[in-house]
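Q: Dock chain to chain to rebuild the complex, using the hints, since each chain is given by itself in its own frame.
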Amino acid sequence: MSNDLEFTDVVKRFGDFTAVRDLNLTIREGEFFSFLGPSGCGKTTILRMVSGFIEPTDGDIRLGGRSLRGVGPNKRPTALIFQNLALFPLMTVAENITFGLSVRGVPKSEQAALVRRMLDLIALPGLAERRIDELSGGQKQRIAIARALAVEPQVLLLDEPLSALDLKLRQHMRAELRAIQRRTGVTFIYITHDQGEALAMSDRVAVMSQGRIEQCGLSAEIYDRPTTAFVASFVGENNAIRARVVETRGGEAAVETGFGRFTGHNPRGLAAGDEAILFVRPEKLKLAADHPNCLTARVTGRVFEGTSVDLHLDHPGGRPIMVRLPNDDTLIDAAEGQALSASFATSAATILPAGEMARD
Amino acid sequence: MTETIQRFGYVGVTLVIGSLVAWALLLILIPHLMLIDYALHASPGAISRGAPTGWTFHSFLPLFDPDDNQLRSTLARTLATTAAITLLCLIVCYPIAYYLAKVATRGWLSLLMLALLVPFWVNEVLRAYAWRSLLSRNGLINEAAAHVGLGPFEFFNWQIPLIDANIALFVGLVYAYVLFMVFPIFNAIESLDRNQIEAARDLGASWWTIHRRIVIPHAKPGIASGCIVTFMLVAGSFIVPVLLGGRSSFWFTQAIESQFSVLNWNGGSAYALLLELICLVFIVVMMRVFGVTLRDITRS
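In order, the protein sequences belong to chains Y and F.
Start counting the first sequence at 57; every next residue gets the next number (my numbering).
Start counting the second sequence at 221; every next residue gets the next number (my numbering).
One chain only, chain F, in its complex shape (with noise of 0.2 Å):
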C-alpha cells in the first residue's frame, strides 16, 4: 500500500480507490438496494385497496395465485428456452473455439476474430430487425425458398416442442449471444499445450476421446463462465423477444416491463428481484457441476 501510495500518489491512489468505491456503490450497491427496498413493498395502488403498508411479500403474490398460471407458465418457459439456448450456443460455439484455439494459422485466426466482432457493431435492435426481414414470411429466406418451389416456412410460428418458444427467437438469441460463449471457451483452450493433444493422439486417442478427456476437461472453467454468462444474458434479454418472438413465446422480461409500463414499480421490481435471484442460483449450480471455483472461472 505504502509503495503504491509512493508510486502515484496520494492524488492518484484516491482517484483509484474512488472511483472503485463510487463504482460499487453507485451502479451496484444502492440500485440493488433499492430494488431490494420496492419489491418489499406493496404498490400505492395495492395499498389503497388494503395491503400493508409497512414490509411485504404482497408484491410476490401474482406469482403464486392459484387461479392465474400465467406469469408462473411465462418464467418456467422462459428458463426453460433460456437453458435450452444456452446449451446450443455450447454447442455451436465450441467448435468454434477450438478451431480458433488450435486449428486456425495465425492470418485466418484475426481474419475469423474480425468476422465474428463485426456484426457486433451494428446495435441489438438493428440485428434483431435483420433477422425479422430475413425470417419473417415474405422475407429473404422465404423468397429465396419460393424461388426454388420451398416454402414459406413459417419461422415465426413454428413452435419447438417441450419448451414452446418458436424458431425465429431461438436462432436470434443464440446469435446475439455467441461471442460471450466463444471467448471465454476459446481462451480457456488456447491455454492447453498442443503437446497435450498429439500426446493423446499419439497414445491411440480418438478426436472424440482428445475432446472428451484432455480439451474439455481442461476448458471447463471456460465453459462454465461461458453458460452462466450466456444464460443470464438471454434470460435477461428484452428485445430479442419483443421483435422475434412472436404471438406465443412472452418472455419474462416483457411481463417485468409490462409492471413498470403501468407504474407498478413495486410489482416489477418484485419481479426482476425473483429472476435475478434464480440466476444466481443457475451459477452456484453451474460451478457445483463443473466443479469449478469463483477463481477459475475469474481467470478465464
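Chain Y with its partners taken away, still in its complex shape (with noise of 0.2 Å):
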C-alpha cells in the first residue's frame, strides 16, 4: 500500500475559532505539495496536526490508510523544519545530522555512514565538526534538511524553511529543496505565504484562506485558472475590474464593466444579472486594439522592474490596471496623461463571483 496522506473530515478549533475546517485531501506518496496562504488561514495548524504536536478536533489524518491519531510525534514517521531551523547550536553538524539516530539507539558506526551521506547528499562534504554558530544561513539550512531527513521520513514537512534567506540564496535553495526532493523520493509538504516559491517548487499547490482550501490543483492551473476570486487575487498579479454578467454562452459569458463589454471564461457558471469580477493578468493584457475585449485608459504611472516595464492606467472605482510590457525591442515610452488602449483574449480573462476576493 503506498503512503498516501489523507485527511478525511479535518476540522480543529481553538476554543470558538476554528482554525481548519472540513478538510478532505489526499497527498500521495513522493509529492511535492504545498499549502499556501496568508498568515493565520490554518496552513501552520495542519502541519502541526501532521507531526502530531496537536490533534484534530475531528476526523482523522491517515498515513499509509493508518491512522494518526493518538501517536505522539516521536512516533509519527514524520519530519518538521521549522522556520527557524531550531537546531541543536551546543552540538555540531554532525551531531544534529545523528540525533534522531541516537535516540533510537543505532550504533555509532552507522550514525557516522549516515553523516557522510547526508553531507554529500546536501553538498556540503566535511563540515561534520563544525559547530551551528560557524555555519552561514544557507548552510543551515542544508544541515536542517540533512537532520530531518537522515530519521527517513515518509514525510517531510517544512514551515516557511526559506523566509529568513535573502532572495539569491532563496532561488538557489528553491532548486535544491526540489533536486533533493527528486532524489529522495519523499513526500514533501510545503507551507508558505510566497506563491513564487510554492508554484515554482510544487507539484501541486493548495490555496488556503481562513482555515478552508480554496482551490487545490497544479501550479499552473492555480494561476492560469482560478475558481475563487480569492485565489486570483491571492497568487500573483492581477488586474480586478468590477462587472455584472449579461450574457453566458457555454463556458463563457459576457459582461459589462465600466471600460465597456467584455467576455470570458465562466468556470463557476454565473447566471446573467450576477454581480462578479472580471480578472486579467497584467503580461496577458496587450496594446494593441485588435480584439473585442479592448479597455481605454490614460496612463497614471509607469514602474521600471528590469525585465519588464509595468504601466498603471486610471481606474476609476478600483486599483489602477496594471500592463506588464517585456522590457525588449517592442516596448513603447508611455508618458503619463497618455491614453492607450489594451486588449486581452477571451481565454485570458476570468469572470468570478464578487465577494470573495483576498484582503491585503
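In case anyone wonders, no lab produced these hints; they're calculated from the structure.
List of simulated lysine to aspartate or glutamate pairs, EDC-like, C-alpha gap at most 20 Å: (1) Y:K196 to F:E418; (2) Y:K131 to Y:D60; (3) Y:K131 to F:E418; (4) F:K440 to Y:D189; (5) F:K440 to Y:E151; (6) Y:K340 to Y:D280; (7) Y:K342 to Y:E361; (8) Y:K196 to F:D413; (9) Y:K164 to Y:E151; (10) Y:K196 to Y:E216; (11) Y:K340 to Y:E293; (12) F:K440 to F:D516; (13) Y:K131 to Y:E208; (14) Y:K196 to Y:E232; (15) F:K440 to F:D413.
Just a sample of chain Y residues kept apart from chain F, beta carbon distances all over 10 Å, derived: (16) T82; (17) D222; (18) E308; (19) I388; (20) T402.
Heads up, the beta-carbon is just placed ideally off N, CA and C, and yes, glycines get one too.
A: So this is what it looks like as C-alpha cells:
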C-alpha cells in the first residue's frame, strides 16, 4: 500500500476559533505539495496536526491507511523543518544530523556512515565537526534538511524554512529543495505565504483562506485557472474589474464593466445578472486594439522592474489596471496622462463571483 | 567615560563610583581583612597561657586536635548534609523551574510565582518556627496522623542514614532555599527556544532524552549557579539548624557562634574563614564539573 497522506473531514478548533475546517485531501506519496495562504489561514495548524504536536478536533489523518490519531510526534514517520530551523546550538553538525538516530539507539558506526551520506546529499562534505554558529544561513538550511531526512521520514514537513534567507539564496535553495526531493522520493509538504516559492517548487498547490482550501491543483492551474476571486487575487498580480454578467454562452460569459463589455471564461457558471469580478493578468494585456476585449484609459504611472515595465492605467473606483510589458525592443515610451488601449483574449479573462476577494 | 561624565555630570559619576567603592571597601574588603587578621592571631586567653602573640595558626589548632574529633565531625556532617540538601533542592526545583518556564500559561505563571514568593515575605525565624509546630511530636502533622491511627512520627529524631541529620532539618533547609535554586534554573530554561524541544521530540526523542540532551545542557549555567548559591546559603545558615536541628544535628555555624559567644573572636574568625574557603573550593569544583565560566553563571 502506498504511503499517501489522507485528510478526512479534518477540523481543528481552538476555543471558539476554527483554524481548519472540513479538510478533505489526499497528498500522494513522493509528491511535493504546498499549502499557500496568508498568515492565519490555517496552514501551520495543518502542519502541526500532521507532525503530531496537536490533534484534530474532528476527522482523521491517515498515512498509508493507518490513522495517526494518538500517535505522538516522536512516534510518527514524519519530520518537521522549523521556520527558524531549531538546530541544536550546543552540538556539532554531525551530532545534529545523528540526533534522530542516536535517540533510537542506532550504533555509532552506522551513524558515521549516515553523516557522510547526508552531507553528500546536501553537497556540504567535510562540515561534520563544525559548530552550528560557524555556519552560514544557507549551510544551516541544508543541515536542517539533512537532520530531518536522516530519520528517513515518509513525509517531510517544511514550515517556511526559506523565509529568513536573502533573495538570491532563496531562489537557489528552491532549486536545491526540489532536487533533494526528486533524489530522495520523500513526500514534501511545504507551507508558505510566498506564492512564487509555492508555484516554482510544487507538484500541486493548495491555496488556503480562513481555514479552508480555496483551490487545489497544479501550479499552472492555480495561476491560469483560478476558481475563486481569493485565489485569483492572492496568487500573483491580477487586475480585478468589477462586472455584471449580461449573457452566458457555454463556458463563457459576457459582462458589462466600467470599461465596456468584455467576454471571459466562466468557470463557476455565473448566470446573467450576477455580480462578478473579471480578472485578467497584467502580462496578458497587450497594447493593441485588435480584440473586442479592449479597454482604453489614461496612463497614471510607470514602474521599471528590470525584465519588464509595468504601466498603470486609470481605473475609476478600483486599483489601477496594470499592464506588464516585456523590456525588449517592442517597449514603447508611454507618458503619464496619455490614453492607451489594451486588449486581452477571451481565454485570458476569468469571471468569478464577487465577494470572495483576498484582503491585503 | 567622558561620555558618561557628559551625561551624568561629575557629581553623578562621583556619586555612583564613590558608592561602589564604599560598598566594596566597607562591606567586603575591610571586614574580610579583619576576619583574616583575627583568624591568624591567637585569642587573648590563649596568649595568657603561652600562645604566640604574632601571626599564628594557633586559632585553627582545635580543628586538628588528635584527641577531640567533635569539631571535625561537625564540619564533615555539615558539608555532607549541605551537599545532600543542595542535591535534593536541585531534584525538587528542576521540574518546578521547567514547568514555570515552558509549560505554565501566562496567567498561571504569575499566580505560581506569587505562590512561591509569598512564604518568603515571612521572616526566616518565623518560617522555621512554623515548621517546628508542624513537625514536632505534638505538631499538626502528628495530630492529623493520630486521627487516622498513624504515628507519631519522630521528625526530629529520625536520622537520615549516612549524613546523620534529622528529617526536620532537611525539610526546613530545602524549603528555606528553594527560591535560590528555582530562579536561576527558571531563567536559564526560559531562554531555551521552544522549537528546540519540539525539534527533538519530532526527531523521536523521549521526554527523558529531551531533558538529558537539550534542556539540561542548555540550563547548565543556571543549574551551576543555583547549586553554588544554595550550597553556600545552606552551609552558612544558622537559625534553621538551631530551631530544627534536634539533638544530634549540630551545625558548623553553631560551632562558630559558640566561639563568639564565649568572646573568643579569634577562634570564631578562624572557623568562619575555614568555612568560607571550603565554599570557595566548592564553587571552583562546581564550575569545573559543569564546565561553565564565571561569565555563564552571572548571566543566568
